[in-house]
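Undergrad: Each chain, letter by letter, is given below.
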Amino acid sequence: MSDTKHGTVIRMEAIGKVYDTGKVKVEALAGIDLSVARGELVALIGPSGSGKSTLMNLIGCLDTPSAGRYELQGERVAGLSREQLAGIRNRRVGFVFQNFNLLPQISAFENVEMPLLFGGVRRAERRQRVEELLTRVGLADRIEHKPTELSGGQMQRVAIARALAMEPDLLLADEPTGNLDTSSGTDIMSLFEELWHQGRTIVVITHDPALARRAARRIELRDGRISSDSAAA
Amino acid sequence: MFRRPWLVLQLFARSSRVQRKRAVLTVAAIAWGSLSLVLLLAFGEGLKRQITLAKSGLGIHIAVLWPGETTRPWQGLPAGRPVRPRVEDVTLLHDRVPQLAGVSGEMRRWSAAFTNGERTVNSRLTGANLSYGDLRNQIARAGGRWLDPLDEKLRRRVIFLGWELARDLFGDEDPVGRTLLVSNVPFTVVGVLERKLQMGTYGGPDAGQAVIPLATFQAQFGGDRLSNLVVRPDVPEHMPAVLRSVREVLGAKYGFDPSDERALGAWDTVENSIVMENILLGIQAFLGIIGALTLVVGGIGVANIMYAVVKERTREIGVKMALGARRGWITGPIVLEGLVYTLLGGLLGLVMATVLVALLGLVPTEGNEAIEMLGKPTISPAIALLNAAVLGLIGLAAGYFPARRAASVDPAETLRYE
Numbered sequence: 001m002s003d004t005k006h007g008t009v010i011r012m013e014a015i016g017k018v019y020d021t022g023k024v025k026v027e028a029l030a031g032i033d034l035s036v037a038r039g040e041l042v043a044l045i046g047p048s049g050s051g052k053s054t055l056m057n058l059i060g061c062l063d064t065p066s067a068g069r070y071e072l073q074g075e076r077v078a079g080l081s082r083e084q085l086a087g088i089r090n091r092r093v094g095f096v097f098q099n100f101n102l103l104p105q106i107s108a109f110e111n112v113e114m115p116l117l118f119g120g121v122r123r124a125e126r127r128q129r130v131e132e133l134l135t136r137v138g139l140a141d142r143i144e145h146k147p148t149e150l151s152g153g154q155m156q157r158v159a160i161a162r163a164l165a166m167e168p169d170l171l172l173a174d175e176p177t178g179n180l181d182t183s184s185g186t187d188i189m190s191l192f193e194e195l196w197h198q199g200r201t202i203v204v205i206t207h208d209p210a211l212a213r214r215a216a217r218r219i220e221l222r223d224g225r226i227s228s229d230s231a232a233a
Numbered sequence: 001m002f003r004r005p006w007l008v009l010q011l012f013a014r015s016s017r018v019q020r021k022r023a024v025l026t027v028a029a030i031a032w033g034s035l036s037l038v039l040l041l042a043f044g045e046g047l048k049r050q051i052t053l054a055k056s057g058l059g060i061h062i063a064v065l066w067p068g069e070t071t072r073p074w075q076g077l078p079a080g081r082p083v084r085p086r087v088e089d090v091t092l093l094h095d096r097v098p099q100l101a102g103v104s105g106e107m108r109r110w111s112a113a114f115t116n117g118e119r120t121v122n123s124r125l126t127g128a129n130l131s132y133g134d135l136r137n138q139i140a141r142a143g144g145r146w147l148d149p150l151d152e153k154l155r156r157r158v159i160f161l162g163w164e165l166a167r168d169l170f171g172d173e174d175p176v177g178r179t180l181l182v183s184n185v186p187f188t189v190v191g192v193l194e195r196k197l198q199m200g201t202y203g204g205p206d207a208g209q210a211v212i213p214l215a216t217f218q219a220q221f222g223g224d225r226l227s228n229l230v231v232r233p234d235v236p237e238h239m240p241a242v243l244r245s246v247r248e249v250l251g252a253k254y255g256f257d258p259s260d261e262r263a264l265g266a267w268d269t270v271e272n273s274i275v276m277e278n279i280l281l282g283i284q285a286f287l288g289i290i291g292a293l294t295l296v297v298g299g300i301g302v303a304n305i306m307y308a309v310v311k312e313r314t315r316e317i318g319v320k321m322a323l324g325a326r327r328g329w330i331t332g333p334i335v336l337e338g339l340v341y342t343l344l345g346g347l348l349g350l351v352m353a354t355v356l357v358a359l360l361g362l363v364p365t366e367g368n369e370a371i372e373m374l375g376k377p378t379i380s381p382a383i384a385l386l387n388a389a390v391l392g393l394i395g396l397a398a399g400y401f402p403a404r405r406a407a408s409v410d411p412a413e414t415l416r417y418e
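Residue numbers (our numbering), protein chains in the order written: chain A, 1 to 233; chain B, 1 to 418.
These aren't lab readings, by the way, just hints derived from the structure by calculation.
Accuracy of the hints is not assured; some may be wrong.
With a straight-line Cα cutoff of 25 Å, these simulated DSS-like cross-link-like pairs (lysine-lysine) come out [unchecked claim]:
id, chain 1, residue 1, chain 2, residue 2
1, B, K55, B, K376
2, B, K311, A, K146
3, A, K146, B, K196
4, B, K196, B, K376
Looking at chain A on its own, in the form it has when it is part of the complex (with noise of 0.2 Å):
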């Protein structure tokens, strides 16, 4: 609990992760130690097949380790059941995906709520809570709209909103602004710069060398082994 007090979000010790294919045996990621505080905004940078997204899938609870220790708000993962994952992911993870993710077939506001169907959340609070989360992304306007009808921009606002309905301490981000222009991207970019502001913890995957600039810390990844922290520098 002392981690939480003082703001420590993700620990992880000498975490590895091996795909067994059967045939070959990938090691996607070797002896990561990473700490990460309440409150801060890093960039996870590295080219393709470094290990990024692996680690994401780790942070976030998608995936398990294959060996190390991996505490998320002092809670340790290993060892959890599907369903403990599951509430994990609910509660204290929120996912913005580079292709948006959203169930193109329901409306905006319908997207926005999964998770606090999932969370038990009850129905008046929902509507609530949706139509705030959607204002404070700007789509106020747009909220019985469905993914099809909106821009690549506003998809990934109401993505943002997704993510941060069961106000997750922790908002994971990969390649948020790959499949967007420039200017939707930089809107974007402000959008996590403003969550940021606000005390949000935050991990973005990114390529672009503009919003890794933006990040307070850089950790670039090479060969599933982190190569460079800029924090530890």
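Following the hints, put chain B in place on chain A, whose structure we already have.
TA: Same frame as chain A, but now just chain B:
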């Protein structure tokens, strides 16, 4: 497995819809299967009811006995002696066999000349006791009557005609009250047999024979040897005991071993109907299995479409998992969807079957014996229930396996950007 079932319903309502054409085809396949199952069972049920009805045409819970020949020596008498009960034995059996509810003797002429004016028909003539009417289901058509005690007592020359014989002699006219000649002796028609289905005869169907009082038969044609005895026990279970008693009583009188079954032949319709019921049950089970298999083919269609759905929605499933959906919230809506297609199709099939059965019920079957014996297909509540149960099982199975695949989706894998 499912926490918060209401959420499963909400998620089901929000999951993407399957391509309409595919859904329609699948529902149609299930409807076809359900239709076959219900129709086959309905035909089985109709056949069963008709056969039960037809069996009762001969008489319910009766046995028919006929004269035989001894096959064993008995109390110093040699084998090979004929045994022919007499008219007086009807009273004897009535007094001596306590479990007997009814007994009638029959004397028969295989060919008698029936004449109405210009028309002469040769057919069977039976002389019988009054109880024959009840034992052998001799029900008079409206406007006529069965023989009565005075007919017997006064040896009246009255006659009860089978409906075919009546038609052959009188055409469309009502024969009741008319006089006809039997071997040149005048008889008054008192009744005509109501049409009935009759499965099982000895000598021939009742439609083509005429019945007169036994006393009249004796007075006209002489003799006192019976062609047949018809007996009915007080309860069907007593039939073996009654037959044993009858053979003991007559065995003592005519000198034959009561266990010598050939001395007095017997046709036990109670035993027969048990065998028949088992055969009918077998036929229904067989039809049911064929129908259920047709339905299983439809179920495979549903499973197939649900597998496709899971494949199409892999990303959607991955996203929901990332947002914190539990296993049951992923699988629940899929199982539900499979079940909905199945039950929708099943209901459609049941409705179509009901309509078809109702239409078939309008087709006249009178006159065509083959179709008449097949009976009318009938949908009983048991058939509808069985259909629902089979559908439910198939629907669950058709949804369960695709849902299991959905639950095994690896979110990390599916969310990777391609």
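Undergrad: Does each hint hold? Answer for all of them.
TA: Hint by hint, here is what the structure shows:
| no. | hint | verdict |
| --- | --- | --- |
| 1 | B:K55 <-> B:K376 | holds, 16 Å |
| 2 | B:K311 <-> A:K146 | holds, 22 Å |
| 3 | A:K146 <-> B:K196 | violated, 70 Å |
| 4 | B:K196 <-> B:K376 | holds, 15 Å |
Of the numbered hints stated above, the single one contradicted by the structure is hint 3.
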